[in-house]
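*Asks:* Sequence:
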Amino acid sequence: MPVLLPDYLSVILYGVLAGTLARIIMLRIDYRQYPGYPHGYLTHTALGFIASALGAVAVPAIFKPDYVAVTFLVLAAQQFREIRNMERRTLESLERTELVKRGLDYIEGIARTFEARNYLVMGTSFVTALAAQIGGLPAAILAAFLAIMVSFYFMSGEIIGDICEVVPARLNFKGSILQVEGIDIINVGLKSMREKILQDGLAVLIKPVDGNARATIHDIGQRMAMAFTAAVVMGTKKDVDLPEYTPLARKNPDTGEVGLYILPVEKDIKQLIAAVKLTPVLESARSKPLDARSNLRAVVKKVNRPG
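Counting the sequence shown from 1 gives a position; this note's numbering is that position plus 863.
Hints listed in this document are in silico derivations from the structure and should not be mistaken for laboratory results.
Backbone N, C-alpha and C fix where the C-beta goes; we use that ideal spot for every residue, glycine too.
Any given hint could turn out to be false.
[Unchecked claim] Distance ranges between label pairs, derived from CB positions:
#	residue 1	residue 2	range
1	Val1072	Glu1146	35 to 45 Å
2	Asn1035	Glu945	17 to 27 Å
3	Asp1102	Glu1146	28 to 38 Å
4	Asp1104	Leu1009	45 to 55 Å
5	Lys1037	Asp1104	42 to 52 Å
6	Glu955	Thr934	26 to 36 Å
7	Leu1009	Glu955	29 to 39 Å
8	Gln1134	Glu961	18 to 28 Å
9	Gln1062	Asn948	21 to 31 Å
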């Protein structure tokens, strides 16, 4: 027989506290991606509280037992999918007035992230409440700590710095074409703008470490995400009707390397390199052609096997 705590309210309270704390911790990563501070903090903390309450209440319902009550988790999953749609619609509406676009791939990645974090919060609260139900407060504290660490690990994700080398690059003009290490970026017609770009502009070269990384940064959405992150961190002198000042990332078709150009508010190459490295690798852009080639070679060998 399991050891039951006399007070179900304590079990629920431990689970709710752990889940809400997990959501607050994960909001530190959200701020880089979502512009709703401080109202975004309030909204998603409240949603995290609701998700943690659902996870915590499931434990007393199971031990009572009242299995019918657990079916409300299905409704919770439906509500979390609606959160994903809400975030997508919000960011798509904001995208219309952004001078530097996130891109639809980045928006979809953010929306998925907000949905997934509510599932992690629910799982954290459920595990904590279950530990409290069986082992009391000490077990609940240990379970909450481990669950929060696991949640934080899953939400950290890969960044560009994990798959690419980012180095300073040289800006130059070939006629009126702006180039980053020989990669054509944009046609700049006015001489005054060309002089301004050479004086205040910065550029980096993003070198993939392998074929998988090369395929990832080949994605247009991933390159837009890098330019957007650089613009958020560094600031940009771009304004309406100044396409020449738009941060851009273009690929060298021969090597797969990407040149990124920006006209920042603060000219600091080290800060630009750090910003590009911190850009998250988008789920929609992540690709592993090297694994596919290995599988393909195995299939070819099997097909060509004698007999």
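*Asks:* Are the hints correct? Go through all of them and say.
*Replies:* Against the structure, the hints come out as follows:
The hinted range of 35 to 45 Å is not satisfied by Val1072 and Glu1146, whose Cβ atoms lie roughly 19 Å apart. Between Asn1035 and Glu945, the C-beta spacing of about 50 Å breaks the proposed range 17 to 27 Å. Look at Asp1102 against Glu1146: about 32 Å separates their beta carbons, and that is inside 28 to 38 Å. Checked against the hint of 45 to 55 Å, the pair Asp1104 and Leu1009 passes, with Cβ atoms roughly 54 Å apart.
Remark: the range hint 42 to 52 Å for Lys1037 to Asp1104 is contradicted by a beta-carbon distance near 25 Å. Between Glu955 and Thr934, the C-beta spacing of about 33 Å keeps the proposed range 26 to 36 Å intact. Roughly 37 Å separates the CB atoms of Leu1009 and Glu955, a value that falls within the hinted 29 to 39 Å. For the pair Gln1134 and Glu961, the beta carbons lie near 21 Å from each other, so the given range of 18 to 28 Å is met.
Checking the proposed 21 to 31 Å range against Gln1062 and Asn948 shows it is violated: the Cβ atoms sit about 45 Å from each other.
Of the numbered hints stated above, those contradicted by the structure are hints 1, 2, 5, 9, listed in ascending order.
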